Amino acid sequence: MDITLNVTSNKIIHCLYITTFTLMFFSTNLKGENYLIPKKNAYGSLVFAEKKHEHPGVYDLFQSNKFITKDTTYFDLTPDYAMSKNENIILQQENQVFLTLAVESVKKNIIAIVNVYNAHDGYLYIYKKNIPYNGKDLCDKRFLITSYDVILDYLGGWCNYGLDMSSSAWLEIPPKSNYTYQVNLNDYYVFLPGKHRYNVGTFEHLIVRSNWFRNENINTAMFNILNQSHPKKKIDDLLYNLDLYGARLGVFLRSNEVSLLIDGDELDSLYSK
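Residue numbers for the sequence shown follow our numbering, so the first one is 1 and each next one is one higher.
Hints listed in this document are in silico derivations from the structure and should not be mistaken for laboratory results. Heads up, a few of these hints could be off.
As the list claims (entries may be wrong) - Below are the SDA-like pairs computed for lysine to any residue, each with C-alpha atoms no more than 25 Å apart in a straight line:
(1) K136 <-> G57
(2) K141 <-> A82
(3) K107 <-> S45
(4) K51 <-> L192
(5) K136 <-> D121
(6) K128 <-> C139
To be verified - Listed next, with one range per pair, are the computed distances between beta-carbon atoms:
(7) I90 <-> V58: 19 to 25 Å
(8) V47 <-> I113: 39 to 45 Å
(9) P175 <-> K52: 46 to 52 Å
(10) L260 <-> A49: 27 to 33 Å
(11) D268 <-> A169: 30 to 36 Å
(12) K107 <-> N134: 23 to 29 Å
(13) Q93 <-> H55: 24 to 30 Å
(14) C159 <-> Y271: 39 to 45 Å
(15) E266 <-> N134: 29 to 35 Å
(16) Q63 <-> D137: 27 to 33 Å
(17) D80 <-> G122: 45 to 51 Å
(18) K52 <-> D263: 26 to 32 Å
(19) D263 <-> D121: 28 to 34 Å
Note that the structure is a prediction, hence the values are computed from the model and not measured. Backbone N, C-alpha and C define an ideal beta-carbon position, used for all residues, glycine too.
Using the sequences and the hints given, assemble the complete structure.
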């Protein structure tokens with residue numbers, strides 16, 4: 001996988017980035033996010049409807065989930081963003097951290113380019129487990145890719161790094177600098193045959209500042225405790241309740257959502273490799 005690392009210090013980038021940030025968000029989201037549309041179907045996996053198939057097909061999530069109760073809804077069966085578009089924009093502006101996504105069609109591949117810009121005067125740290133750092137593959141479901149009511153299955157691997165919150169688990173981004181990485185989405189997702197419009201966005205990234213590491217042992221213990229049950233929700237609530245957002249210690253941020261037309265017949269398929 002092609003990983004691009006670009007950490008640079010340029011005052012001109014700072015000015016241009018702040019000026020164009022809001023325009024970029026709204027220009028790539030003219031139709032608005034579609035997370036209010038329930039994702040009733042999925043596509044990509046060969047295992048669905050309780051058996052393995054030779055080819056992927058669109059399948060109903062209710063029919064392929066054994067843990068259904070009378071209170072279960074489609075919203076309960078699919079991953080989604082932890083915050084709305086407006087909440088995310090406000091948090092990025094408040095924290096002076098800007099996470100942007102561009103998606104390009106290159107030959108027979110769909111390339112996602114993620115850029116994290118630190119407009120703050122202090123150092124910023126991004127959790128390595130959330131990114132394909134140093135040539136590694138994705139270790140988790142890091143992109144939400146949907147086409148109306150169909151969500152694409154994540155077909156990549158999973159890495160068990162444990163819940164390492166020590167300083168070595170974080171990538172440093174200097175002030176007024178950015179970190180950029182790119183991912184070939186074809187390596188992890190299979191797109192529907194034919195032409196379809198997709199919405200693509202990243203899930204939330206955990207980003208902290210230098211003073212986070214002053215209490216590194218406490219933070220590690222806290223995250224280990226929270227990891228016992230629903231870590232993302234509990235960690236997010238704790239950061240909010242302790243006013244760590246206001247103290248600029250840590251924040252969860254995601255990218256903008258990009259809408260684009262993709263012809264699955266023109267792409268290299270994960271299953272053809």
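Now the hints, each set against the structure:
Distance restraint check for K136 and G57: the Cα-Cα separation of roughly 29 Å exceeds the 25 Å cut-off, and the hinted pair is therefore not satisfied. Between K141 and A82 the CA atoms are separated by roughly 14 Å; this keeps the pair inside 25 Å, and the hint holds. Of the pairs offered as hints, the one joining K107 and S45 holds, with about 24 Å between alpha carbons and a cut-off of 25 Å not exceeded. In summary, the hint linking K51 to L192 is supported, as the alpha carbons are separated by about 20 Å, within the 25 Å threshold.
The suggested pairing of K136 with D121 is violated, with an alpha-carbon distance near 29 Å, which exceeds 25 Å. Between K128 and C139 the alpha-carbon distance is near 10 Å, which keeps this suggested pair within the 25 Å criterion. For I90 and V58, the Cβ-Cβ distance of about 36 Å falls outside the hinted range of 19 to 25 Å, so the restraint is violated. Evaluation of the 39 to 45 Å hint for V47 and I113 yields a failure: the beta carbon distance comes to about 31 Å.
Separation of P175 from K52 is about 51 Å and conforms to the stated range, judged on CB atoms against 46 to 52 Å. L260 and A49 have their C-beta atoms about 30 Å apart, which keeps the hinted 27 to 33 Å range intact. Between D268 and A169 the beta carbons are some 33 Å apart, a value that agrees with the proposed interval 30 to 36 Å. Checking the proposed 23 to 29 Å range against K107 and N134 shows it holds: the Cβ atoms sit about 25 Å from each other.
Range check, Q93 to H55: Cβ separation about 45 Å, and the 24 to 30 Å hint is violated. Checked against the hint of 39 to 45 Å, the C-beta distance between C159 and Y271 comes to roughly 22 Å, which is inconsistent with it. The hinted window of 29 to 35 Å between E266 and N134 holds, with their beta carbons roughly 31 Å apart. Distance hint for Q63 and D137: a CB-CB separation of about 30 Å, consistent with the stated range 27 to 33 Å.
The beta-carbon spacing between D80 and G122, approximately 31 Å, falls outside the hinted interval of 45 to 51 Å. At about 27 Å, the CB distance of K52 to D263 agrees with the hint of 26 to 32 Å. For the pair D263 and D121, the supplied restraint of 28 to 34 Å is violated, since their beta-carbon distance comes to about 45 Å.
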